[in-house]
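Participant: For reference, the chains in residue letters:
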Amino acid sequence: MPESKGRFGIHGGQYIPETLMNAVIELERAYDHYKNDPDFNRELTELFNSYAGRPSLLYYAEKLTRELGGAKIYLKREDLNHTGSHKINNVLGQALLAKKMGKTRLIAETGAGQHGVATATAAALLDMECVVFMGEEDTKRQALNVYRMKLLGSEVIPVRTGTATLKDAVSEAMREWTSRIDDTHYCLGSVMGPHPFPTIVRDFQAVISREARAQILEAEGRLPDAVIACVGGGSNAIGSFYHFIPDESVKLIGCEAAGRGIDTFETAATVNTGRLGIFHGMKSYFCQDEYGQIAPVYSISAGLDYPGIGPEHAHLHDIGRAEYVPVTDEAAVNAFEYLSRTEGIIPAIESAHAVAYAMKLAPTLDKDKIIIITISGRGDKDCAAIARYRGEDIYE
Amino acid sequence: MSNIRAAFENGKAFIPFITCGDPDLETTGRVVRAAAEAGADLIELGIPFSDPTAEGPVIQGANIRALAGGVTTDKIFSFVAELRRDVKIPLVFMTYANVVYSYDPERFMARCCETGVDGVILPDVPYEEKDEFSAVARQYGIDMISLVAPTSADRIAMISRDADGFIYIVSSLGVTGVRSEITTNIGDIVKVVRENTSVPCAVGFGISKPEQAAAMAAQSDGAIVGSAIIRIIEQYGTEAAPHVYEYVKAMKDAVRGV
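Going down the list, the sequences are from chains A and B.
Mapped onto this note's numbering, the consecutive letters of the first sequence carry residue numbers 1 to 396.
Mapped onto this note's numbering, the consecutive letters of the second sequence carry residue numbers 397 to 654.
Possibly wrong hints are sitting among the right ones.
In silico DMTMM-like cross-links for lysine to aspartate or glutamate, where the CA-CA straight-line distance does not exceed 20 Å [unchecked claim]:
1) 471/B <-> 380/A
2) 369/A <-> 290/A
3) 645/B <-> 420/B
4) 150/A <-> 290/A
5) 63/A <-> 46/A
6) 5/A <-> 405/B
7) 526/B <-> 289/A
8) 251/A <-> 289/A
9) 471/B <-> 289/A
10) 5/A <-> 528/B
11) 367/A <-> 405/B
12) 5/A <-> 527/B
Pairwise CB distance ranges, derived in the manner of DEER restraints [unchecked claim]:
13) 632/B <-> 264/A: 33 to 41 Å
14) 32/A <-> 466/B: 43 to 51 Å
15) 509/B <-> 249/A: 19 to 27 Å
By construction, these hints were calculated from the structure, which means they are not laboratory data.
The beta carbon of each residue, even a glycine, is placed where N, CA and C say it ideally should be.
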C-alpha cells in the first residue's frame, strides 16, 4: 500500500516525477541522520554565528511605536544577516547537508534574487558549483542581485517560459534537477515543494523564532501578543512562527502580497484568493482558474510573486492557528518609505508587506501589547523599483 | 481491465502523443485520425497544463498554444466523445495532477469512462501519491499508468507489481524532448518489470527516429513519441495531418516486427 509522506493535515506530499523520487528519499534519509548529528549542528551553528552574523537583533522600534501610538513594536532584524536576508539560514543548512551527501553542485530558483544570492554565497564559501534560475522579468526588476550572483561565481539562467517569474524559475530548476541528480542538490528556497523540503527549510529557518522567543522573554519578561511576517512561499514566516506555535496566546499573522488588490486579477494572495490544488510537488492552496490552470499572479515584490503557499501554512490556516491577510502594493510601498523615514531602516519590499499590516494593527492595540515584525530582508535591492513606482527614474 | 492490452497485440506498439487543442481541436481531430489510420496502436492525448514541469520546450510550446487557443478539460471531453464515433484504438490522457484534482478525480474518471478514455498518465503523481487517483480510477475501469525511470532502481519491482494498463518506461533523465542518443540500459529495467508483472511496457522520452524506436521496441513492448510529433504539428499547423500520417506509418513500420 503506497504511503504518502510529509503531510501537514491534508497538505504537502510528494507530487513529483518518478525520476526524482529516489533523490528526495536519499535527501530525507541524509537529513534525518544529520539533523541529530552533533558535529553537523556544531558546524552549522558556527557558520550561523561567525559567518552569517547570528543571532540577529530583536530591536525595539521606539519611534515607530510612539508614532503609531499603540502596541509596542519589536523588529526581528533578519535584514542584518550576511547577504541581507533570512535566506542565508536555510541555504547554509542545505549547502552543508548537500556537501555531506557528496554533492558538488547546487541549483536554485530565485524571485527577488535574495535566495539566489544566498545560494551563490554558500557555494562560494563551500567550494561548490552553482546555477541559479531566475525569471527573466525578475532579472530586470532585480538587476543588482543578478550581478551579485555572477560576482560570487554563479551562473544565472534567465527563465523565459510562462510568466517569466518565480513559479517558472521553480519549474525550470525542477526540470534541471531531473536531468542531473548525481552530483546536484536542488537548494529550494522556501517551505514548499515535495517532502522533505518544507520540513528541512522550516527547521533551518526556525532559528528566527528560537532566537526571537528567547530575546523577547529577556527584554519584556513575557511572550508577544502577535508575530507578523510576510508570506510568499512562506519561509521567513514559518521560521518566525515556528517556536511560537505552541504558545496559543501569540497571534501569528502572515501578510500575503495582494498586488493591486484581491478583487483584481493582479494579485498573489494565495490563501485569500486561491483554492486547494497540487503543484510544484505539494498539495496546498494555489491561485488557479476553474480548470486548475495556475494563474499568472502579480505583486510589486518579486519575492512574494508566487501562486502558491507552503503546505504547513495552508494547514495553519485550516486549523485557524495562523491568519493570512492581504497587503497591497500601495500599502507595502508606503510602509517601505515609512519605516525608512521613521527608524532609518530600509526594509525589503517583501518585508514591507508585514510592516504595512503592523501599521494598521498596532494603533488598534493597547500600549501594553507587544508585536514582533520580522524584517526578512533589507531594501537596497528595491530602491530603483520603488523610485520607478513613484515615477522617478534613478540611474546607478 | 481496460481496452489497453489490445494496443500490444499487433506486433510491437507505436504510441504517439498529441496535445489536444494544438493549435485547435479540429486539427487535433484530423491528426488523431491520421495517426490511427497510419497504424498507431494507442494514442496519448495531452490535456494542456499551464506549467508542465516534466516537459521540455517543444511540448511546453504545445501546451501554451493549446491554452491560448481556449481549450479546456470540458471541451476535450466533448472532443473525445466525438472522436470515439470512429476512432477505436485505446486512448489515454496525459496531463498533470492539478488538472484532474481541480476537476475532482471522481468526476474526471467518470467522464473518462463515459467518453471512452482507457487510461490516465500523470507524470507528477509517483507511486506514493497514486492511491488518491487510482482508487477512483479503478472504480470506473480507467487504468492509471505508472512510470518507471532510469533512477527508479529498487522501486521498479514495487511499481510494477501495482501497475495497470501498461508501464511507461522513461528512457532518460530529464524532461521530454528529442535526444540524439539514449544511454540507459532499457533491457535491465524491462527485465525487472517482467519479473513483477504481466502488464506490457513501452519506452518513451527522447525517441524521434525510426531506428531509435525500433531499438527501444526491440527491448520492450513498444515505443512512445511525443516531441517529434509536436514538432510536425508546430511546423505545419492546421495542415499537419498528412505529415503526421507519413511519420506514424514509418515509425509503426520500424517497430512492428522487431
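Participant: Against each hint, give a clear statement of whether it holds in the structure.
Facilitator: Okay, the hints, checked on the actual structure:
Restraint check: the Cα-Cα separation between residue 471/B and residue 380/A comes to about 49 Å, which exceeds 20 Å; the hinted pair is violated. Proposed proximity of residue 369/A and residue 290/A is contradicted: the alpha carbons are some 43 Å apart, above 20 Å. The hinted pair formed by residue 645/B and residue 420/B fails the criterion: a straight-line CA distance of about 23 Å is larger than 20 Å. A C-alpha spacing of about 41 Å is found between residue 150/A and residue 290/A, which places the hinted pair above 20 Å, so the restraint is violated.
Using a Cα cut-off of 20 Å, the hinted pair residue 63/A and residue 46/A is violated, with the two alpha carbons roughly 34 Å apart. For the proposed pair residue 5/A and residue 405/B, the alpha carbon gap of about 39 Å is over 20 Å, so the pair is violated. Taken as a hint, the residue 526/B and residue 289/A pair is broken in the structure, with Cα atoms around 24 Å apart against an allowance of 20 Å. About 32 Å separates the Cα atoms of residue 251/A and residue 289/A, which puts this hinted pair outside 20 Å; it is violated.
Of the pairs offered as hints, the one joining residue 471/B and residue 289/A holds, with about 15 Å between alpha carbons and a cut-off of 20 Å not exceeded. A threshold of 20 Å between alpha carbons decides the hint, and for residue 5/A with residue 528/B the separation of about 13 Å falls inside it, so the pair holds. Of the pairs offered as hints, the one joining residue 367/A and residue 405/B is violated, with about 79 Å between alpha carbons and a cut-off of 20 Å exceeded. For the given pair, residue 5/A sits about 13 Å from residue 527/B by alpha-carbon distance, which is consistent with the 20 Å threshold.
In this structure the hint that residue 632/B and residue 264/A lie 33 to 41 Å apart at CB holds, the actual value being about 40 Å. Between residue 32/A and residue 466/B, the C-beta spacing of about 47 Å keeps the proposed range 43 to 51 Å intact. Restraint check, residue 509/B to residue 249/A: a C-beta distance of roughly 53 Å breaks the suggested window 19 to 27 Å.
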